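Please take these sequences and the hints and turn them into a complete structure.
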Amino acid sequence: MQTSSLDDVPLDSSDAGERRGSRRRPREAKASMHRLVMEYLVSKGYREVAEAFLRDSDTKPTVDLQMVQERMSVQQLLLDGRIQSARAKLVKMDPNLLQKDSAMDFLLVKQELLELIREQDIEEALQFAVKNLAPFGQMGPQFLHEIERTMSLLAFQNPSESPLGHLLEQSQRRQVADEVNSAILRSQVQEPEPMLSLMVQQFYYMEEQLEAKLDHHSQGVRLEDPTR
Numbered sequence: 001m002q003t004s005s006l007d008d009v010p011l012d013s014s015d016a017g018e019r020r021g022s023r024r025r026p027r028e029a030k031a032s033m034h035r036l037v038m039e040y041l042v043s044k045g046y047r048e049v050a051e052a053f054l055r056d057s058d059t060k061p062t063v064d065l066q067m068v069q070e071r072m073s074v075q076q077l078l079l080d081g082r083i084q085s086a087r088a089k090l091v092k093m094d095p096n097l098l099q100k101d102s103a104m105d106f107l108l109v110k111q112e113l114l115e116l117i118r119e120q121d122i123e124e125a126l127q128f129a130v131k132n133l134a135p136f137g138q139m140g141p142q143f144l145h146e147i148e149r150t151m152s153l154l155a156f157q158n159p160s161e162s163p164l165g166h167l168l169e170q171s172q173r174r175q176v177a178d179e180v181n182s183a184i185l186r187s188q189v190q191e192p193e194p195m196l197s198l199m200v201q202q203f204y205y206m207e208e209q210l211e212a213k214l215d216h217h218s219q220g221v222r223l224e225d226p227t228r
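Under UniProt numbering, the letters of the sequence shown match residues 1 to 228, in that order.
These are calculated hints, taken from the structure and not from any lab test. Among the clues, some could well be false.
Derived CB-CB ranges, DEER-like [unchecked claim]: (1) S57 to R174: 25 to 33 Å; (2) P163 to Q66: 38 to 46 Å; (3) K100 to G137: 19 to 27 Å; (4) A155 to K131: 18 to 26 Å; (5) K100 to R149: 31 to 39 Å; (6) D56 to E146: 17 to 25 Å; (7) P163 to P141: 15 to 23 Å; (8) E146 to D80: 21 to 29 Å.
Keep in mind it's a predicted model, so treat the numbers as computed, not measured. All C-beta atoms in this analysis are idealised placements derived from N, C-alpha and C, irrespective of residue type, glycine included.
Right, dumping it as structure tokens:
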């Protein structure tokens, strides 16, 4: 008499499909996580880390990593206040970039004026503003407001101590560098804010909301004294 085992029982095709799917899902999830990490590294400009991650995870880059280096070079020039050099490198990366993005073009022109004011080169700052900044005033009220705001620095004997003195601080350079970086990413059809960062922000937001609800409910709970 022959005995049968579970191994001899043919699997239903749907069961086999589910098993294959269950094995495939972890691989797909891992690949998706690798893509998120790579997207984050590229967006933030961590080229060397991205290259190491590529070797270890066998993940394909979504962009040329050389472009990451170029983008970070532009950022560093802006942080150093070398606006003309940053502009030249941007044009080399994409000759039409500033023509297509008037907001970024204006941002660089305004920052170059701020650098002249920062160096207290008032005469050159005035000449530069008339020649390069004033034409933007005809392009829209948003530009005109920023022009007036920036030019008002020249009315103070010590612009750095004026109410708008923060425009001459390093934080202003950082803001410009970040905005230019985002504009470059958009021009390369990439998200300025990587999905991994957004997911982390969403996680912390949900955690804060949950803690707030727990605190609210705990305040409504009154503990009875067992000795009474």
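For each hint, the structure was consulted:
S57 and R174 have their C-beta atoms about 31 Å apart, which keeps the hinted 25 to 33 Å range intact. Range check, P163 to Q66: about 43 Å between beta-carbon atoms, so the 38 to 46 Å window is met. For K100 paired with G137, a C-beta distance near 21 Å keeps the hint of 19 to 27 Å intact. Restraint check, A155 to K131: a C-beta distance of roughly 20 Å satisfies the suggested window 18 to 26 Å.
Between K100 and R149 the beta carbon distance is about 25 Å. The supplied range of 31 to 39 Å is therefore violated. The hinted range of 17 to 25 Å is not satisfied by D56 and E146, whose Cβ atoms lie roughly 45 Å apart. At about 22 Å, the CB distance of P163 to P141 agrees with the hint of 15 to 23 Å. For E146 and D80, the Cβ-Cβ distance of about 23 Å falls inside the hinted range of 21 to 29 Å, so the restraint holds.
The structure fails hints 5 and 6 (numbered hints given earlier, in ascending order).
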